[in-house]
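**Student:** As given, the protein sequences belong to chains Z and Y, one line each in that order. Quick note on this note's numbering: the first sequence kicks off at 82 and runs consecutively. Quick note on this note's numbering: the second sequence kicks off at 6 and runs consecutively.
Heads up, a few of these hints could be off.
Lysine-lysine pairs mimicking DSSO-like chemistry, simulated, CA-CA at most 27 Å apart [what the hints assert, rightly or not]:
(1) 177/Z <-> 136/Y
(2) 177/Z <-> 135/Y
(3) 269/Y <-> 154/Z
(4) 231/Y <-> 289/Z
(5) 221/Y <-> 191/Y
(6) 231/Y <-> 287/Z
(7) 126/Y <-> 102/Z
(8) 227/Y <-> 154/Z
(9) 480/Y <-> 454/Y
(10) 299/Y <-> 102/Z
(11) 265/Y <-> 102/Z
(12) 131/Y <-> 177/Z
(13) 287/Z <-> 167/Y
(14) 102/Z <-> 266/Y
(15) 227/Y <-> 287/Z
(16) 227/Y <-> 289/Z
(17) 129/Z <-> 126/Y
(18) 265/Y <-> 154/Z
(19) 269/Y <-> 102/Z
Residues of chain Y placed beyond 12 Å of chain Z at every Cβ, according to the derived structure [what the hints assert, rightly or not]:
(20) 144
(21) 153
(22) 340
(23) 541
Covered, in the sense of this in silico footprint (three residues per stretch, anywhere, with C-beta under 8 Å from a C-beta of chain Y), are these stretches of chain Z [stated by the list, open to error]:
(24) 112 to 124
(25) 177 to 190
Keep in mind the hints are simulated off the structure, nothing from the lab. Ideal placement from N, C-alpha and C gives every residue a C-beta, glycine not left out.
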Amino acid sequence: MQNKKENIFNMVLASTVHDMKNSLGMLGESINFILSQIDIDSLNEQTKDYYGVVQYESSRVNNSLMQLLALYKLENNQLPYNPNYVNLSDFLEEQKIKHLPLLEAKEIECIIDVDEAIEGFFDDCLIATVLENIIGNSIRYTRQQIKISCHQNSTTTIVVSDDGPGYPESMLQMEGSYMLGINQSTGSTGLGLFFAQKIAEIHHHKDKVGTINLSNGGELGGSQFEINIP
Amino acid sequence: MVFNLAKKHTLIVEDFAEFARSVRAMLHSMGATKADIVYNAEDAIEACKSRKYDIVLSDYNLGSKKDGQQLLEELIKYKLIKSNCVFLMLTAENTSAMVMGAVEFQPDAYIAKPFNGNLLKTRLQKTIEKKDVLHPILRSMANKNWLETLEKIQTTLPEHPKYRMSCLRAKFQAFRELKRFDEALKLVTEIVSERSVPWALEGVGEIYYLKKDFTKALDIFKTMTKEYPMVLEGYDWLAKVQNTLGQPVEAQDTLLKAVKKSPKALARQKSLGELAEINNDLNTMTEAYRNAVKYGNNSAFSSPDEYVKLTTALTKQLSDDSELISDKIRNEAERTFEKLNANFSSTSANLLRSNVAQASFYNACNEAEKVEKHLSQSKKYLAEIDEQISGEVSLEMSTALSELGDKELSNEILNEAIQQNLDDPEFIKKAAKISDNRDLIKTSQQASKSNLQAISFFKNKKYSDAISAFAEAHKLSPKNINIRLNYVQTLLKQVQNQPNANHMIETADKLISEMPQLSLSDKRYPRYSELNRLTKLTLQQNDLVS
Numbered sequence: 082m083q084n085k086k087e088n089i090f091n092m093v094l095a096s097t098v099h100d101m102k103n104s105l106g107m108l109g110e111s112i113n114f115i116l117s118q119i120d121i122d123s124l125n126e127q128t129k130d131y132y133g134v135v136q137y138e139s140s141r142v143n144n145s146l147m148q149l150l151a152l153y154k155l156e157n158n159q160l161p162y163n164p165n166y167v168n169l170s171d172f173l174e175e176q177k178i179k180h181l182p183l184l185e186a187k188e189i190e191c192i193i194d195v196d197e198a199i200e201g202f203f204d205d206c207l208i209a210t211v212l213e214n215i216i217g218n219s220i221r222y223t224r225q226q227i228k229i230s231c232h233q234n235s236t237t238t239i240v241v242s243d244d245g246p247g248y249p250e251s252m253l254q255m256e257g258s259y260m261l262g263i264n265q266s267t268g269s270t271g272l273g274l275f276f277a278q279k280i281a282e283i284h285h286h287k288d289k290v291g292t293i294n295l296s297n298g299g300e301l302g303g304s305q306f307e308i309n310i311p
Numbered sequence: 006m007v008f009n010l011a012k013k014h015t016l017i018v019e020d021f022a023e024f025a026r027s028v029r030a031m032l033h034s035m036g037a038t039k040a041d042i043v044y045n046a047e048d049a050i051e052a053c054k055s056r057k058y059d060i061v062l063s064d065y066n067l068g069s070k071k072d073g074q075q076l077l078e079e080l081i082k083y084k085l086i087k088s089n090c091v092f093l094m095l096t097a098e099n100t101s102a103m104v105m106g107a108v109e110f111q112p113d114a115y116i117a118k119p120f121n122g123n124l125l126k127t128r129l130q131k132t133i134e135k136k137d138v139l140h141p142i143l144r145s146m147a148n149k150n151w152l153e154t155l156e157k158i159q160t161t162l163p164e165h166p167k168y169r170m171s172c173l174r175a176k177f178q179a180f181r182e183l184k185r186f187d188e189a190l191k192l193v194t195e196i197v198s199e200r201s202v203p204w205a206l207e208g209v210g211e212i213y214y215l216k217k218d219f220t221k222a223l224d225i226f227k228t229m230t231k232e233y234p235m236v237l238e239g240y241d242w243l244a245k246v247q248n249t250l251g252q253p254v255e256a257q258d259t260l261l262k263a264v265k266k267s268p269k270a271l272a273r274q275k276s277l278g279e280l281a282e283i284n285n286d287l288n289t290m291t292e293a294y295r296n297a298v299k300y301g302n303n304s305a306f307s308s309p310d311e312y313v314k315l316t317t318a319l320t321k322q323l324s325d326d327s328e329l330i331s332d333k334i335r336n337e338a339e340r341t342f343e344k345l346n347a348n349f350s351s352t353s354a355n356l357l358r359s360n361v362a363q364a365s366f367y368n369a370c371n372e373a374e375k376v377e378k379h380l381s382q383s384k385k386y387l388a389e390i391d392e393q394i395s396g397e398v399s400l401e402m403s404t405a406l407s408e409l410g411d412k413e414l415s416n417e418i419l420n421e422a423i424q425q426n427l428d429d430p431e432f433i434k435k436a437a438k439i440s441d442n443r444d445l446i447k448t449s450q451q452a453s454k455s456n457l458q459a460i461s462f463f464k465n466k467k468y469s470d471a472i473s474a475f476a477e478a479h480k481l482s483p484k485n486i487n488i489r490l491n492y493v494q495t496l497l498k499q500v501q502n503q504p505n506a507n508h509m510i511e512t513a514d515k516l517i518s519e520m521p522q523l524s525l526s527d528k529r530y531p532r533y534s535e536l537n538r539l540t541k542l543t544l545q546q547n548d549l550v551s
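If we strip away everything but chain Z, and leave its shape as in the complex, we get (with noise of 0.2 Å):
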């Protein structure tokens, strides 16, 4: 019975998060097409805030429903996973443009390091949707700059650092298990990263399983997030 109820849930849950992910796409592209109407220079302080927030939090809910319906076909064994060769530079520019209006709103530097012939083989759905998570956070938390980077030998690596105060170290210690990071009385933000850690571990190559890791420091004296697709 207890089984069965949870089921209904289950479903209900999925098909809600269905329903807000269209009701949030509409809300999104008007809010897209509200905030390129405005030019950002004639607004005064406290409404450039404000438009920080609308920017940052519509993406932010946005990209929370999508790792929560991937979370749940993943579940259910109905997560695609397609991996094809992807140019890294043309990829990671990408995941940068799509935070460029709130980088500009928060006069923040974004800097992208990657040899130009790059190429890394992972399903680019997959870990643009955790990148998207990442770059928010970094957005959210650091000061002045943010840095993606990529190296390669037998596996790729992508590194997103920033000089904001860098991960808590509770955090930092909860390297693997980032589930328990979801904590309800702080709304923190292990979603993301036990998001990211799932879709590190769906790619694999022979004997080696993609992995994430955390770090404080790092290139730009903040907090650095890496994530290694083998």
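Here the structure of chain Z is known, so what remains is to put chain Y in place on it, guided by the hints.
**Tutor:** Structure of chain Y alone, referenced to chain Z:
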């Protein structure tokens, strides 16, 4: 490369008017001045008929009718967009969920909503850049000129290593179409040994299948469905191989898994229906064809097949169900016939098929009057037919008519089909089971033998021997179109070697002019059309009048 949209004509297909306008505003800010908006797929098709667009931006969800994928399929199938037109699909969801249609009908790029103008700009820029580079290859492929495709790849690939995978994929397709299976297999095997790229893995299995190495193909597709459980083409292939290996029950099971993940695929539902029919699983058969009708409703690939098959399944169910359910079934069957007649009444062949199916259905309902009515309609349409009916459909109708006791009509259809399909041993085997016309089967088999012998002469360039053999085959089975076309082609070939062969030209002209009509959709139509053109040309060159 300078990104300039000023000269590009764009079509925006989006059911949400405000969003369509906001996309247009984004395009305007990139310098595009010529952007049209339509709100559904039907209007998009009309728009593409009157103008050749450079860019189409279409939403995937377009309200209740055709979706963006079906729009794309229709635009490609009816050549309503140029081979260098860039098609961008706008989606509400994670896009890898969409990448599940037939491979040949993929948009050039996806973009997930909501997106900002900057992202649209880069995505468009990258896609146009790529399409420009690959265009010579794509054009050769669209023209099915595979040797030229290989040449174009040879010149493009070294200069554009970024598009290596797209080039290799095109190369694989060209090798496959040219039946150069060993080269095709080597190419995809090398790719797969590096990384298991889904399309390349599928390619390995496909070539094994074409080389009739079914055990190896089975292994590959089992691996593929395990490694990529959401890449559904793997299941389609696995089922096909299983059925070829005589495992229709396993094949049905495989397709059921795929259909559960994504029910919206017409071809897959039809294959499932066929397997369920082989397995005598009436419920699955009914459900599969019901879905095929449902999802095919707005598709350019919809055909009378799924409608007729659905009514066949329903007719079979009638015999052993309770009265209450029978009413429901009867309703559904009648609605299906209505839709069939509404969508496919343009040719006598379709009307004939529909009437035969209706006669069978009312026979199962024990309504003699209606059976009579549809049989007499069938007779009428058969007399009017001027196009070819496929072997499968002929067998279907002939069997049904024979069960209804109309031996005469049944034989008429079957005899015609035997003469048309005598070079298809699978068909002849099936036809021989239901035909009592031993003489016709025997003559047809002789004609087929002569035809094969003639083809072998032709291949060895013994044209005059080929001509005698084709003449013999044609005499045995004067109605057969393939023999006729072969005969004409050989005569024209011989005329080239032997000028002033007026009698040969005249024979060729007589053969082609008196041939039964081929419909435009017939696979042999391009060949017929080309041979007809050559014949008339040869007539003129030799000062003969047609």
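**Student:** Could you tell me which of the hints above the structure violates, numbers in ascending order?
**Tutor:** Checked against the structure, no hint fails, so every one of them is satisfied.
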